[in-house]
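In the order they appear, the protein sequences are chains Z and S.
Counting from 1, one number per residue, gives the positions in the first sequence under the working numbering.
Counting from 1, one number per residue, gives the positions in the second sequence under the working numbering.
No lab work stands behind these hints, which were simulated from the structure alone.
Think of the CB as a built atom: it goes at the ideal place given N, C-alpha and C, for glycine as much as any other residue.
Keep in mind that the hints are not guaranteed to be accurate.
Which residues of chain Z face chain S? A few of them, derived with a C-beta cut under 10 Å, are [said to hold, decoys possible]:
| # | residue |
| --- | --- |
| 1 | E6 |
| 2 | L9 |
| 3 | A32 |
| 4 | N36 |
| 5 | S42 |
| 6 | A48 |
| 7 | L50 |
| 8 | M55 |
| 9 | E57 |
| 10 | S64 |
| 11 | T178 |
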Amino acid sequence: MSMECEKFLEQSYSSVGGQSADFAAHLAICPACQKNLEIVNSLQKSRAPLDSSEMSEIFSIVNSSEAGAIIGMASAKATTASFGVGKISFWIAALLLLVPMAYFALFFESSQSIENSFSDSKGISIPNAVIDAEKIEELESLIARFEKENAGTASEAAANDLLLAKKMLVLGKELAHTHAEITKLLSSSDSDSDSDSINKEAFEKLMNKYDKQKIDFVILINSLRETGNKTRDWLSEADFPVINLPATGEEENAF
Amino acid sequence: MVNSQKEFEDQVKETYRSLKLFLRYLGVNQGEVADVAHEVYIKALKAYKDSYNDSRSFKNWLFAIAKNTLIDQKRNRNALKNTVSIDFSTTYVSSFTEVIQSQFAMKELVGILEEKDQMIVEFRFFQDLPFKEIASLMDMSEGAVKMRTGRILNKLREKIEQGKDS
Numbered sequence: 001m002s003m004e005c006e007k008f009l010e011q012s013y014s015s016v017g018g019q020s021a022d023f024a025a026h027l028a029i030c031p032a033c034q035k036n037l038e039i040v041n042s043l044q045k046s047r048a049p050l051d052s053s054e055m056s057e058i059f060s061i062v063n064s065s066e067a068g069a070i071i072g073m074a075s076a077k078a079t080t081a082s083f084g085v086g087k088i089s090f091w092i093a094a095l096l097l098l099v100p101m102a103y104f105a106l107f108f109e110s111s112q113s114i115e116n117s118f119s120d121s122k123g124i125s126i127p128n129a130v131i132d133a134e135k136i137e138e139l140e141s142l143i144a145r146f147e148k149e150n151a152g153t154a155s156e157a158a159a160n161d162l163l164l165a166k167k168m169l170v171l172g173k174e175l176a177h178t179h180a181e182i183t184k185l186l187s188s189s190d191s192d193s194d195s196d197s198i199n200k201e202a203f204e205k206l207m208n209k210y211d212k213q214k215i216d217f218v219i220l221i222n223s224l225r226e227t228g229n230k231t232r233d234w235l236s237e238a239d240f241p242v243i244n245l246p247a248t249g250e251e252e253n254a255f
Numbered sequence: 001m002v003n004s005q006k007e008f009e010d011q012v013k014e015t016y017r018s019l020k021l022f023l024r025y026l027g028v029n030q031g032e033v034a035d036v037a038h039e040v041y042i043k044a045l046k047a048y049k050d051s052y053n054d055s056r057s058f059k060n061w062l063f064a065i066a067k068n069t070l071i072d073q074k075r076n077r078n079a080l081k082n083t084v085s086i087d088f089s090t091t092y093v094s095s096f097t098e099v100i101q102s103q104f105a106m107k108e109l110v111g112i113l114e115e116k117d118q119m120i121v122e123f124r125f126f127q128d129l130p131f132k133e134i135a136s137l138m139d140m141s142e143g144a145v146k147m148r149t150g151r152i153l154n155k156l157r158e159k160i161e162q163g164k165d166s
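Please work from the sequences and hints to get the whole structure.
As structure tokens, then:
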């Protein structure tokens with residue numbers, strides 16, 4: 001490559017700013033630059049399109065950002081700060097692990113299983129879940145005990161952990177509540193076929209609410225994965241389910 | 001500029017593969033690349049909203065954040081060196097399709113380049129990053145990146161010429 005060619009290297013293959021008249025003049029008489037341009041064009045044309053696994057990962061990123069990256073970041077910050085001390089108490093671990101487990105339990109105890117995983121976004125049928133009040137009570141009791149045990153320590157790390165655990169509990173409860181509302185609506189629509197159109201609207205509204213809550217919950221759990229600690233390992237072992245909105249047409253089938 | 005969710009989505013689509021390659025280049029294990037990339041996008045989006053300086057593009061933010069995230073994790077800039085994954089070429093080359101009846105196989109052609117050269121190709125020809133930014137991301141001088149890009153093109157051109165002769 002000559003000095004003259006090097007002079008134009010920056011603008012030769014750039015889509016930003018266009019090409020100068022000097023470069024155009026040089027290109028017209030320089031076979032090496034013409035050949036280089038041809039190589040770059042071939043490279044760009046030969047690029048394989050994104051495959052399904054890449055598209056699925058992108059979908060997950062975009063969904064996370066859409067659902068409120070700020071929540072995730074705030075939680076991640078709190079978690080990172082708290083785990084920075086390098087020591088996780090048993091109760092912290094229990095809280096952080098049990099809340100998602102309770103969430104799983106709420107849905108896996110249903111009469112129909114949730115078949116979809118995070119990477120499969122085809123939608124689900126709504127299970128007739130039985131809300132396990134004992135699980136929620138168990139968590140509340142754990143949090144109360146943790147609060148009591150750490151009352152005198154005034155540890156910032158413990159406070160952050162507690163905050164995160166509480167947030168997960170609140171979100172878990174909200175999810176369970178919305179889920180119960182959907183179940184109730186579905187059973188009422190079975191017995192009253194005249195109110196289908198009204199119920200359908202209510203159903204869609206509830207499903208949207210449910211989906212938003214679910215994404216918030218997933219973001220919170222994902223923020224734990226950023227800590228790189230033991231909790232992350234435990235969570236990554238669990239095959240965490242994400243419940244998607246029914247695909248087009250399934251709403252009708254549900255009624 | 002990332003002013004809307006749609007623009008963010010477009011940026012992710014455009015940069016996702018490059019970011020993963022860069023993370024691999026910096027030594028992130030294949031199994032962790034997707035998780036780290038996810039973290040980097042969320043960080044970049046937040047940083048962009050909080051402290052965007054219009055002298056930099058979102059892409060520049062993104063790759064710089066990826067690098068800084070790994071530096072933070074390793075607590076040592078030098079730890080990033082000598083961690084280039086040995087199968088990076090394979091990873092990179094697999095993103096090219098075999099063009100039948102083409103006068104040369106692009107996959108094979110790119111495969112002759114060193115890992116660092118492949119990363120430069122990615123940043124320059126696919127992400128359109130300026131030499132200055134590539135230099136900063138790859139801990140090289142701007143002149144060195146320019147010179148290397150010239151050599152990459154020469155190498156590819158020679159390889160094609162050889163292919164024609166044989």
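Tested hints:
{"no.": "1", "hint": "E6", "in the structure": "holds, 6 Å"}
{"no.": "2", "hint": "L9", "in the structure": "holds, 6 Å"}
{"no.": "3", "hint": "A32", "in the structure": "holds, 7 Å"}
{"no.": "4", "hint": "N36", "in the structure": "holds, 5 Å"}
{"no.": "5", "hint": "S42", "in the structure": "holds, 6 Å"}
{"no.": "6", "hint": "A48", "in the structure": "holds, 5 Å"}
{"no.": "7", "hint": "L50", "in the structure": "holds, 7 Å"}
{"no.": "8", "hint": "M55", "in the structure": "holds, 8 Å"}
{"no.": "9", "hint": "E57", "in the structure": "holds, 5 Å"}
{"no.": "10", "hint": "S64", "in the structure": "holds, 6 Å"}
{"no.": "11", "hint": "T178", "in the structure": "violated, 23 Å"}
Of the numbered hints listed earlier, the single one contradicted by the structure is hint 11.
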